[in-house]
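**Student:** Below are the chains, spelled out letter by letter.
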Amino acid sequence: MEKTKTINFMAKSSRHRRVEQGVIAVLIACSTLAIFTTIGIIASLIFEAIQFFKFIPITDFLFGLNWSPQTAIREDQIGSGGSFGVLPLITGTFLISAVAMALATPLGLFSAIYLAEYAGPKVRAYIKPLLEILAGIPTVVYGFFAALVIAPFIRMTGSEIGLEVASESALAAGIAMGVMITPLISSLSDDVINSVPQALRDASLGLGATHAETVAKVVLPAALPGIAGSLLLATSRAIGETMIVVMAAGLAAQLTLNPLQAVTTITVQIVTLLTGDQEFDSAKTLSAFALGLMLFLVTLCLNAIAHQIVRHYREQYD
Amino acid sequence: MSKIVESLPNIPEVLPLDPAPQADPAVRVKPLITARNVNVFYGQKQALQNISLEVPANQVTALIGPSGCGKTTFLRCINRMNDLIDICRVEGSIEIGGQDIYHKDVDVVTLRAQVGMVFQKPNPFPKSIFENVAYGPRIHGLAASKAELQDIVEASLEKAGLLAEVHDRMNAPGTSLSGGQQQRLCIARTIAVEPKIILMDEPCSALDPIATARIEELIDELRENYTIIIVTHSMQQAARVSQRTAFFHMGELVEEGATEQIFTAPRDERTQSYITGRIG
Ligand SMILES: Nc1ncnc2c1ncn2[C@@H]1O[C@H](COP(=O)(O)OP(=O)(O)OP(=O)(O)O)[C@@H](O)[C@H]1O
Ligand SMILES: [Mg+2]
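For the protein sequence lines, the chains are R and F, in the order given.
For the first sequence, our numbering gives the first residue as 1, with consecutive numbering after it.
For the second sequence, our numbering gives the first residue as 319, with consecutive numbering after it.
Among the hints, erroneous ones may be present.
[Unchecked claim] Pair ranges (Cβ atoms, derived):
no.: 1; chain 1: F; residue 1: Asn368; chain 2: R; residue 2: Phe110; range: 55 to 65 Å
no.: 2; chain 1: F; residue 1: Glu476; chain 2: R; residue 2: Leu300; range: 44 to 54 Å
no.: 3; chain 1: R; residue 1: Glu164; chain 2: F; residue 2: Lys464; range: 27 to 37 Å
no.: 4; chain 1: R; residue 1: Asn258; chain 2: F; residue 2: Lys439; range: 50 to 60 Å
no.: 5; chain 1: F; residue 1: Pro527; chain 2: R; residue 2: Pro129; range: 19 to 29 Å
no.: 6; chain 1: F; residue 1: Ser496; chain 2: R; residue 2: Arg311; range: 55 to 65 Å
no.: 7; chain 1: F; residue 1: Arg407; chain 2: R; residue 2: Tyr118; range: 50 to 60 Å
no.: 8; chain 1: F; residue 1: Gln362; chain 2: R; residue 2: Glu20; range: 27 to 37 Å
no.: 9; chain 1: R; residue 1: Gly136; chain 2: F; residue 2: Ala473; range: 52 to 62 Å
[Stated by the list, open to error] PhoX-like, lysine-lysine: derived pairs with alpha carbons at most 20 Å apart:
no.: 10; chain 1: F; residue 1: Lys477; chain 2: F; residue 2: Lys514
no.: 11; chain 1: R; residue 1: Lys54; chain 2: R; residue 2: Lys217
no.: 12; chain 1: F; residue 1: Lys477; chain 2: F; residue 2: Lys348
no.: 13; chain 1: R; residue 1: Lys217; chain 2: F; residue 2: Lys477
no.: 14; chain 1: F; residue 1: Lys445; chain 2: F; residue 2: Lys464
no.: 15; chain 1: R; residue 1: Lys217; chain 2: F; residue 2: Lys464
[Claimed, not checked] Beyond 12 Å from chain F on every Cβ pair, some chain R residues (computed):
no.: 16; residue: Ile28
no.: 17; residue: Ile90
no.: 18; residue: Thr105
no.: 19; residue: Gly120
no.: 20; residue: Tyr126
no.: 21; residue: Ile133
no.: 22; residue: Phe145
no.: 23; residue: Val196
no.: 24; residue: Leu200
no.: 25; residue: Ser204
no.: 26; residue: Leu251
no.: 27; residue: Leu274
no.: 28; residue: Val298
no.: 29; residue: Val310
Calculated from the structure, these hints are not laboratory results.
These numbers come from a predicted model, not from an experiment.
Cβ coordinates follow ideal geometry from the N, Cα and C atoms, glycine included.
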């Protein structure tokens, strides 16, 4: 008679368990490292920003109309406080981003609609990678292009029609940035439009709607939240962009909404404040952290809203 | 013998309908739809071979046959939805009311307004119940005023047997309805355009027996004003709602005739095997 096998689940050797625990430990270590780095960066931003607000009241920073930190290092001078009003930087940042979005939204959206709805598989196979190449160009190249091609062109055209255009302008930087974020918008929106179920298109076309009517009345409304999400992500990318602005928009902090003038942005000021030899406890240097914190909060909010919208949209069709 | 094996969905006969009055096969009405030698290819693969079929007006014609035999393909030929599939090629001729719908001068958009379609899976727009039904009439400019549009929407929902359930929440999203309600919403949306012909591709495949019975009842009522072609996997359903039945098998139209004859005295052995559940 066959001997009945004994059943035993009790771990005889803890080998399985040790391997499992080892893997988990490595995974936890890596993710902890990533999380702590992020927390560390944010903490240092907050800490240094607090230091800065000891020199400059937070209300002066938030509501001041004048940004000229340069004067702050001339300590021999009377009234060496410098001005740390962030408003000109904010208007500069938003002016350039607005120009960029005004250009990139129609370009990106229409090319996404074309790609997703009208392009045949062959055209798609060429255009998609091309757009992705555009997205892969280093931003310094766009900056180059903006400073050496777009800006002079705008100035020439401007002077011909009698407009005063600065040699470095928000418009030039905005245009280059718009070209840069167009592929981002088109590829995100293309995905969103593609994920609108074919059944909805069939329903509309089956009712005798034309393709254009179907796109305008069914596909786009259904994709709208996702498209809005992709636009917000692109905006936050534009706000955080530095290189193009350094090269093409200038350093002058002017409180203006005229895109033909030179403006500067939060990111550019951070760069100029921290490049070169600096004392680390001067208001000038510390102001960079306050700017950084501000930028971080703005883009964080935009990203959070964008992700929320995109996720909500995904849930709708699952 | 068929390689395609498929279990027939067995819809239990709760709430049986009165058997639809069978059309007398001797009375030959002039067909509304005439398909002649229709061949359909997906790329190199032939999905339909030499289909010739006549569909009489104001009757329900059921298309039955094993999965993959080309029922949906044939249905989609009739309102040219196959145009949307790049690799799909249709040969032969299909006439509706004497006009060749594949003629180069045909306006596909107008054709589809005349030949409505209800899909296998309910596909309401992510819009309100009202907007779902108002979509077609708006596009085709069928309503001169808001009040008129309201009337069309309500009449369509009424015909689809849904108005009583939704009249107090016309602004709720169409997607918030149950599956059976969604399918009736899709039917309302289709009839709001006032097509002559309604194509239904397994309209009850996602529904429970009660919702199925309601839709079958509805189909029977609609027959008075519309010509209906319905694809179904349920023999009982075909027997209950249709006057004529066409049996497809591996891309061929094997047999076509009065429903009663197909189910009681099929001429072809394959039809016999299929309806008794031996091939599928
Ligand atoms: N878009 C398509 N591309 C390629 N082949 C297709 C396509 N649609 C259908 N076919 C093929 O055509 C044949 C008929 O398909 P069809 O959808 O008409 O079958 P059906 O009878 O409706 O089946 P079911 O009962 O499962 O819905 C199948 O072999 C299928 O693989
Ligand atoms: Mg099918």
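**Student:** Each hint: holds or not?
**Tutor:** How the hints compare with the structure:
1. F:Asn368 <-> R:Phe110: 55 to 65 Å: Violated - the Cβ-Cβ distance for Asn368 (chain F) and Phe110 (chain R), about 45 Å, lies outside 55 to 65 Å.
2. F:Glu476 <-> R:Leu300: 44 to 54 Å: holds, 52 Å
3. R:Glu164 <-> F:Lys464: 27 to 37 Å: violated, 53 Å
4. R:Asn258 <-> F:Lys439: 50 to 60 Å: With a Cβ separation near 55 Å, Asn258 (chain R) and Lys439 (chain F) satisfy 50 to 60 Å, so the hint holds.
5. F:Pro527 <-> R:Pro129: 19 to 29 Å: With a Cβ separation near 52 Å, Pro527 (chain F) and Pro129 (chain R) fall outside 19 to 29 Å, so the hint is violated.
6. F:Ser496 <-> R:Arg311: 55 to 65 Å: Check failed, 26 Å falls outside 55 to 65 Å.
7. F:Arg407 <-> R:Tyr118: 50 to 60 Å: violated, 21 Å
8. F:Gln362 <-> R:Glu20: 27 to 37 Å: violated, 51 Å
9. R:Gly136 <-> F:Ala473: 52 to 62 Å: holds, 56 Å
10. F:Lys477 <-> F:Lys514: holds, 15 Å
11. R:Lys54 <-> R:Lys217: Violated, at about 55 Å.
12. F:Lys477 <-> F:Lys348: violated, 27 Å
13. R:Lys217 <-> F:Lys477: violated, 25 Å
14. F:Lys445 <-> F:Lys464: Given that 20 Å is the threshold and the Cα spacing comes to 18 Å, the pair holds.
15. R:Lys217 <-> F:Lys464: Within the cut-off at roughly 19 Å; holds.
16. Ile28: Non-interface label on Ile28 (chain R) holds, nearest chain F Cβ at 41 Å vs cutoff 12 Å.
17. Ile90: holds, 37 Å
18. Thr105: Correct as stated: the minimum Cβ-Cβ distance to chain F is 23 Å, above 12 Å.
19. Gly120: violated, 7 Å
20. Tyr126: Correct as stated: the minimum Cβ-Cβ distance to chain F is 17 Å, above 12 Å.
21. Ile133: Label holds. Min Cβ-Cβ 26 Å, cutoff 12 Å.
22. Phe145: holds, 38 Å
23. Val196: violated, 9 Å
24. Leu200: violated, 6 Å
25. Ser204: Not fine: 7 Å to the nearest Cβ puts Ser204 (chain R) too close to chain F.
26. Leu251: holds, 48 Å
27. Leu274: holds, 49 Å
28. Val298: Correct as stated: the minimum Cβ-Cβ distance to chain F is 31 Å, above 12 Å.
29. Val310: holds, 16 Å
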